[in-house]
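Undergrad: So you can see what is in the structure, the chains are spelled out below.
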Amino acid sequence: MNIYDEMEPQFYHKIAEAVGKANPILDIGCGEGRLTNFLARTLGSEVCGVDISDLKLTKDRETSDARDVSDLVWFVKGDASQLDFLVNDSFAAIVSIYVLHEFMNPPESLRELRRVLKASGKFIVVDFVKGGEAERLWAERYYTPCEIESMLKEAGFTDIAMEFVYDDVVFVTSRMSCTRLKHET
Amino acid sequence: MKPQLLEILACPLCKAELTLTIMEEKNGEVITGTLYCQKCAQEYPITDGIPNLLPPEPRVSAVGGATGP
Chain W
1 MNIYDEMEPQ
11 FYHKIAEAVG
21 KANPILDIGC
31 GEGRLTNFLA
41 RTLGSEVCGV
51 DISDLKLTKD
61 RETSDARDVS
71 DLVWFVKGDA
81 SQLDFLVNDS
91 FAAIVSIYVL
101 HEFMNPPESL
111 RELRRVLKAS
121 GKFIVVDFVK
131 GGEAERLWAE
141 RYYTPCEIES
151 MLKEAGFTDI
161 AMEFVYDDVV
171 FVTSRMSCTR
181 LKHET
Chain V
1001 MKPQLLEILA
1011 CPLCKAELTL
1021 TIMEEKNGEV
1031 ITGTLYCQKC
1041 AQEYPITDGI
1051 PNLLPPEPRV
1061 SAVGGATGP
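Just so you know, the sequences run in chain order W and V.
One point on numbering: in our numbering, the residue at position 145 of the first sequence is 145, and numbering is uninterrupted.
Add 1000 to a position in the second sequence, counting from 1, and you land on the number used in our numbering.
Pulled out of the complex, with its shape left as it was, chain V reads as follows (with noise of 0.2 Å):
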């Protein structure tokens, strides 16, 4: 992920900022890191460069696509 895309994220949970640590950086993309709220003492990992924002426990109504076509 680019660390300027930190700008729209917000903790899932609270919607409070998220603080940004790089473990891997590639021309400018964050591949390895964590995403940490302290609000609610929460980390959500950033793995192959894309951030995981689904909540601790991934609510049952989660939507990701179609499964349809």
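Here chain W stands alone, though its shape is the one from the complex (with noise of 0.2 Å):
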């Protein structure tokens, strides 16, 4: 376990408390699952997870934990940076953790969330910044806090705050602005 695994419990109870009442949510690249249970459980949400990995979804779904929320919980199996697969204004918030970094097309892929958010729905984002530790051990790129505000920015999030959780992942918050850029209509 490295130190991202023990620190995402703290991240999880503050990922709740951002999304507070809103209702239902959507998690992007839900991998195991584990925020998408938790949020159910912390707040009696429906909350939907998305992930393309069946294994990942499957060996969710048999843990006690998922068990006592299946009734909140629902699983696709899909392309977390393609939702054409749901629908305009289906979620009141959406969290990632530890996924945007990975969207090849971040412009294209942020205007996809926002299709898919409610006027003023809340976009929740934990990701890892460039330069630190985990650009060490798993070579990824990531981007600089300035780079994913601007991405938000230009893909019309609004009251954009960002936090440094740890040294190098940061928590960022913002709401879809509530008029619609032209081409989504």
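In case anyone wonders, no lab produced these hints; they're calculated from the structure.
All residues carry an ideal CB built from backbone N, CA and C; glycine is no exception.
Honestly, I wouldn't trust all of these hints.
Unchecked claim - Below, simulated DMTMM-like cross-link-like pairs (lysine to aspartate or glutamate); rule was C-alpha separation at most 20 Å, straight line:
1) V:Lys1026 with W:Asp71
2) W:Lys14 with W:Glu163
3) V:Lys1015 with W:Asp84
4) V:Lys1026 with W:Asp68
5) V:Lys1002 with W:Asp71
6) V:Lys1015 with V:Glu1057
7) W:Lys118 with V:Glu1007
8) V:Lys1015 with W:Glu108
9) W:Lys56 with W:Asp5
What the hints assert, rightly or not - Computed footprint of chain W on chain V; a stretch qualifies when at least three of its residues, placed anywhere within it, have a C-beta under 8 Å from a C-beta of chain W:
10) 1001-1014
11) 1045-1054
Since each chain comes alone in its own frame, lean on the hints to assemble the complex.
TA: Rendered as structure tokens:
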């Protein structure tokens, strides 16, 4: 277990706090669904977890934690970067942990997230940033906090607030603006 | 999957509505079945209660979750 795994429960609580009463919630790139189940159990909200890996999803559904909240949790096997399989205005909040940096085309993926988010819906991002320990561990490309903020702004998110929750992990909250962009209608 | 989930699901190719066919159901949840798009004549399987909405040929850029921790 690395430091990021150890800190995950802390991040989950912070995400739940930021989501508040927003319902339903979309958890993109949900992996084994730990956050998906945590949010359903903690908030009593409906949570949809999307991941491309069926092995991870199947494993998750077999845990006792998952059974406790099975009425509130749904899983869909799909591409988190291309949400064509979800209709517009479906969710009051979208959460993502360690996913933003994986998008091949962030502007396009963020536009898709906006599309499925209800007006004024919340978008919460937790991700690594450039130049930290995670970059040395996994040799992936991460963004600077400024780059993340710019991407969100360009995609039409507002009320962007960002804080470091660890040396190289940022916690970002934002909202979808009330007005849709022209191409989204 | 819960049949209500159909309300927010669409065909990933054309975004049209999908038609649910239930083959196995347990406690109000669809365990095995299909989601069918009439427009594309494309079928999406539901296995172990999870609908697979990946397009027939998943895109190269497909993202599931973190590869980090």
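Undergrad: Determine for every hint whether it applies to the structure shown.
TA: Results of checking the hints against the structure:
{"no.": "1", "hint": "V:Lys1026 with W:Asp71", "in the structure": "holds, 12 Å"}
{"no.": "2", "hint": "W:Lys14 with W:Glu163", "in the structure": "holds, 12 Å"}
{"no.": "3", "hint": "V:Lys1015 with W:Asp84", "in the structure": "holds, 6 Å"}
{"no.": "4", "hint": "V:Lys1026 with W:Asp68", "in the structure": "holds, 16 Å"}
{"no.": "5", "hint": "V:Lys1002 with W:Asp71", "in the structure": "holds, 9 Å"}
{"no.": "6", "hint": "V:Lys1015 with V:Glu1057", "in the structure": "holds, 16 Å"}
{"no.": "7", "hint": "W:Lys118 with V:Glu1007", "in the structure": "holds, 15 Å"}
{"no.": "8", "hint": "V:Lys1015 with W:Glu108", "in the structure": "holds, 17 Å"}
{"no.": "9", "hint": "W:Lys56 with W:Asp5", "in the structure": "holds, 17 Å"}
{"no.": "10", "hint": "1001-1014", "in the structure": "holds (count 10)"}
{"no.": "11", "hint": "1045-1054", "in the structure": "holds (count 8)"}
Against the hints set out earlier in the document, no violation occurs for any number.
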